[in-house]
Amino acid sequence: MTAEVHEQARQVTFLEAIREALREEMTRDEKVFLIGEDIGSYGGAFKVTEGLHAEFGADRVIDTPISEAAIIGAAAGAAMMGFKPVAEMQFIDFISCAFDQLTNVVSKWRYRMGFGVPMVVRGPCGGGVRGGPFHSGNPEAFFANSAGLKIVEPSTAYDAKGLLKAAIRDPDPVLFFEHKYLYRLPRLRETLPDEDYIVPIGKASVRREGSDVTIITFGAMVYRALDAADKLAEAGISAEVIDLRTIVPFDVETVLASVKKTNRAIVLHEASRTGGFGGEISATITEKAFEWLEAPIIRVASLDTPVPYSPPLEDFYMPQVDDIVEAATRLSAY
Amino acid sequence: MTAEVHEQARQVTFLEAIREALREEMTRDEKVFLIGEDIGSYGGAFKVTEGLHAEFGADRVIDTPISEAAIIGAAAGAAMMGFKPVAEMQFIDFISCAFDQLTNVVSKWRYRMGFGVPMVVRGPCGGGVRGGPFHSGNPEAFFANSAGLKIVEPSTAYDAKGLLKAAIRDPDPVLFFEHKYLYRLPRLRETLPDEDYIVPIGKASVRREGSDVTIITFGAMVYRALDAADKLAEAGISAEVIDLRTIVPFDVETVLASVKKTNRAIVLHEASRTGGFGGEISATITEKAFEWLEAPIIRVASLDTPVPYSPPLEDFYMPQVDDIVEAATRLSAY
Amino acid sequence: MRLTRMVEEKLGILSTQGKVIGSLYRSMGQEGTAVGSAFALEPEMGDVAAPILRDLGAVLTMGGTPTEVFQQYMAKNGPTRGRELNIHFGAPERNFIGPVSMLGEMIPLMCGIALGFKMRKQPGVALCYIGDGGSSTGPTHEGLNLAAVLDLPFILIIENNGYAYSTPTERQSRLTRFSDRALAYGIPGVTVDGNDVVAVWEATREAADRARRGEGPTLIESVTFRMKGHAQHDNQAYVPIEDIEEWGAKDPIVRHERLLLETGMASLGDIDAMVSDIHAALDVAVAEAEATPMPEGSTALLDVFENSVAERKPWLAPIS
Amino acid sequence: MRLTRMVEEKLGILSTQGKVIGSLYRSMGQEGTAVGSAFALEPEMGDVAAPILRDLGAVLTMGGTPTEVFQQYMAKNGPTRGRELNIHFGAPERNFIGPVSMLGEMIPLMCGIALGFKMRKQPGVALCYIGDGGSSTGPTHEGLNLAAVLDLPFILIIENNGYAYSTPTERQSRLTRFSDRALAYGIPGVTVDGNDVVAVWEATREAADRARRGEGPTLIESVTFRMKGHAQHDNQAYVPIEDIEEWGAKDPIVRHERLLLETGMASLGDIDAMVSDIHAALDVAVAEAEATPMPEGSTALLDVFENSVAERKPWLAPIS
Ligand SMILES: Cc1ncc(C[n+]2csc(CCOP(=O)(O)OP(=O)(O)O)c2C)c(N)n1
Ligand SMILES: Cc1ncc(C[n+]2csc(CCOP(=O)(O)OP(=O)(O)O)c2C)c(N)n1
Ligand SMILES: [Mg+2]
Ligand SMILES: [Mg+2]
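Protein chains in written order, with our numbering: chain S, 1 to 334; chain F, 1001 to 1334; chain G, 2001 to 2320; chain E, 3001 to 3320.
Check each hint, because a few of them may be wrong.
From the derived model, a few chain E residues whose C-beta atoms are all more than 10 Å from chain F [what the hints assert, rightly or not]:
#, residue
1, ILE3021
2, MET3102
3, GLU3105
4, ILE3107
5, ARG3120
6, LEU3261
7, VAL3304
The calculated lysine to any residue pairs, modelled on SDA-like cross-linking and capped at a C-alpha distance of 20 Å, are [as the list claims (entries may be wrong)]:
#, chain 1, residue 1, chain 2, residue 2
8, F, LYS1203, E, SER3308
9, E, LYS3313, S, GLN320
10, S, LYS31, G, PRO2123
11, G, LYS2121, S, GLU30
Rather than coming from a laboratory, the hints here were simulated on the basis of the structure.
We put the CB at the ideal spot given by N, CA and C, even for glycine.
Isolated chain S, as found in the complex:
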């Protein structure tokens, strides 16, 4: 095996990074267990948990009936017993079926009862894979108005691993959204540290520095933003790209620092625009950095429609690189 091939071999995909986090946390702490549909010997619909059932046994990787509310409820109960449950939604869209359990039981529990419910709910989100209206969702805004839930969405393999570890170790419930488009994207393969690390919840990452306009985003849209920044650079516009990584609570400090530098902001996300989390970000910037704004904040997001299936429709629905370029160009000329 040549050195290059070896290096190649040690590189992991986004998906493998998630699996590594699960495996390492399960090894580190016997209280960590997994629960969900088809996650056992089958390894899950996307094979995220592949091998973990063989390694840790059926007691630590629990297959359930098709019952999202029960999965999340049972995870919450187990958390109260001192366990660290990681519940999988086969597609994150099905989290809607457990909305009440999450927003009324889990999110409010510590506040009402004085003790926490440390648990993670994870699953594949996002579109671009022709999944249609029920397998392409980005539900962050559904949960953002229910205080008590943290919401995380990584965009790199390194972050996915480190954030998932942080989520599992967190004393409070964390929703962990994994953009399925990134799961095996070759561009995301990277070599991860051998040693244990976490990426702290609540900290954004500046993926690209720039001086003319700030693009605030997360998840798969980070790559659209980076690609747009490349294009913008050709046109002489220097875009800074902030990857929030944590959506709730988002890293206001990093966002404001950037906007105060560039004086222009685009908020970019894949969920529909109206009622999306972009409103929160935009409103916060206006509240806290109004003096520094030299142009309106533009939200670039998907259409206010369900996610359509057919490629021309889905492409039209979702923000494209050119949309971002257009918005940034417009802002810069403002």
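Based on the hints, put chains F, G and E with the ligands in the right spot on chain S.
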């Protein structure tokens, strides 16, 4: 009976206005029917449907088991059969139990399938009545990111009646939130027209004109805003109060016209601030009226916590008149 | 049961005095279910109960105190620091946890508690309650099925008290025996006379033993009657007066005390002494609750997350 | 059934050719359930079916066309204008409606259809399908119970095909007979051999008659087997080979055609002719579907609400 007493007698409360709308629509159109828990001969937890069972019979006022998802699902199915169902959530908080049915079935149906699901889901929302974490909710933001649902919340008896009628006649699903604090508030009693009328969905109302700052709000907060405007007037600050009435889609035109006049905006709502609908409003104003803004947009809203029960806590949790006065004063001095 | 009845009666007085904030829920006439079942648990084995709105008796049996109950109803700085109302409080160290309002949602959660016992290989049992009405909800089904499939040490008691708010049981379900629901999950189901506290105790005890033997969940239907309205504002005009009379004659407290007297396990004097002890204790408890301050408004900011403080008046934050 | 099988086989070929966008779900070996039950409906009476992922047979029986199915799978401007995938389409005028993915949610909705019949005093029946797996969901319970309490003309068929994705039925439920779920609702439940199309037809017909007589809902368990993986990417390595062989021998098509031959209702020649007719028809349908354009991207903006057009590129709107 003196004329004055007679006039008094013809005045209706907010709650009675809602009942009148239901009765008149059921009389006008035999396809309109009611479905929910304890709404029949009992008349509902708040007695909104009192008398309707006796008047229209058990086929038109249908009591159900405790099954919010089934209530809303059945309403959707009946809507497809040409009926106009009005489903009651005993408290609007329980709408969370039907979140999936609303966001995945009802909201997406027309877009996916090409025909609509005209139905209304109504129920008492809001706090201030010491209802605690599960009987005080304002869930508008939960649904705002799912295209396909209209969301209405009236603040006067006239509007409640006219908007509910409009909602029942609407070709698409409408969530109709009734702030329970307003149900029997003496201040809201008014004489309604004898003739049939509707208040169109999507149109805000300027409740008070002003020139220094715009307060954009809806529901019971309208009265806090008006009371604050009184206080502000004493201090020489002229506040304009906009009652959105429809939250989704909100009346951008009216909001922008006001902000362009006052150049300052406060967005006020009773739900928690983070992830609340205020973000959407603020972001929209920034996007579309940036040039006119002379100060940051301030969101005045409840704490990012569940709704606590005990009076000192709930009062601290919710926006008070003085909070609004404080925010407006600060803005005016900006 | 006496204690439960008397606590609620005291609450009735406090409510008339305007000291109770919010609705008062009575479990009068059905105390046998909550008390009998909670008594069957073994706290030393870890057993956990999740009482809901008619289960004050279980709260008190597990070690919740009248003072706490009064504090809760009076919105004082009690067990939930004023954040929650009535018997929405729990004490994991005393083996009971508080409910959420959304009926049915505690069932999956208690499955998780049961799962915890199973994973830890501990003998504990999770006991959950639901009403005839609440049993119509989705999570009831999902939870029971999960408990069955995973063979969890779990007991669900359906308190069939004839009504769900104004809705009589026959408009809640076509069933005449809710224990038949067990047939849908392949688990044992029993129907028990809920006004016979001993019978409830026995059925629960058997179910707990079964669970401890690793044989999975049991569904118990406890047949009883709601003697008062849904809450205090509800005069239950919809309930036939004969039913109230009929069930009144089956009062679980009277019945059990008669048993005690007949079997010589207690004398009339004992009972009188108990009642006056309770009276005295409740007076103390009321005084304690009245002396408890209301919570400080600003504590509303605390502890959404571990050690968190929510942001207050962001409009006052310096814009810079 | 032949048609269903052959449509799916054609889709398999189209998929290999890269013309299918997304996953392909097969109902091979279980066509008897969807076809037999849908055939039992009376469209003239208004009956409505809600097929789900394994019910292509019901779609085709109700009058969905192979062309539509191919258009759907190829993401063409077909019945849902490219908005939805595979058999997520419906045609109310042809008495079937399309599903949502969230398993169980169609059950309350079909209760509403049934309620509509009842309110209109029409004889129609609502037929809904769910898998052994999907039957674990909350809305299944809420819907069935509502149908029972309101005496709705409603039929639920649980297609017990041994698996839910990779999960075998014994880890979905402790039941051996899913028709026992009916006992939880006080409604009739029957178990039928799902690979016997006539038996399915009969059971459905009886249930429909019962519903039309105003006797309320019926639960039918149709026992069958999923011969292919959950979707095309799933090689179902988790299914014992003997089971596949055993059930292969019970193929509903072979079985039914044997019956037709034995009873003289059809000759081998008839069957051959039918097969070649279908072949020809499917070639036409594929050609039609291939000739159908993809939807225009900008049509994505239309019809969230009646006659609505969503806002596009708000960042280009003039700021003034
Ligand atoms: C999901 C849900 N829907 C509605 C309610 C409102 N609600 C509170 S108690 C109640 C009646 C409960 O009846 P039952 O379960 O029979 O209990 P009981 O009051 O008879 O003890 C209702 C409808 C609720 N708490 N949760
Ligand atoms: C509420 C919900 N959870 C998860 C899924 C993902 N999912 C799609 S099909 C399937 C298996 C369904 O099994 P079953 O109901 O037995 O139907 P079958 O595929 O065997 O016909 C799963 C888990 C879903 N569609 N809906
Ligand atoms: Mg009851
Ligand atoms: Mg199956």
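So, going through the hints one by one against the coordinates:
no., hint, result
1, ILE3021, "holds, 16 Å"
2, MET3102, "violated, 5 Å"
3, GLU3105, "violated, 5 Å"
4, ILE3107, "violated, 7 Å"
5, ARG3120, "violated, 7 Å"
6, LEU3261, "holds, 41 Å"
7, VAL3304, "violated, 5 Å"
8, F:LYS1203 - E:SER3308, "holds, 16 Å"
9, E:LYS3313 - S:GLN320, "holds, 11 Å"
10, S:LYS31 - G:PRO2123, "holds, 18 Å"
11, G:LYS2121 - S:GLU30, "holds, 14 Å"
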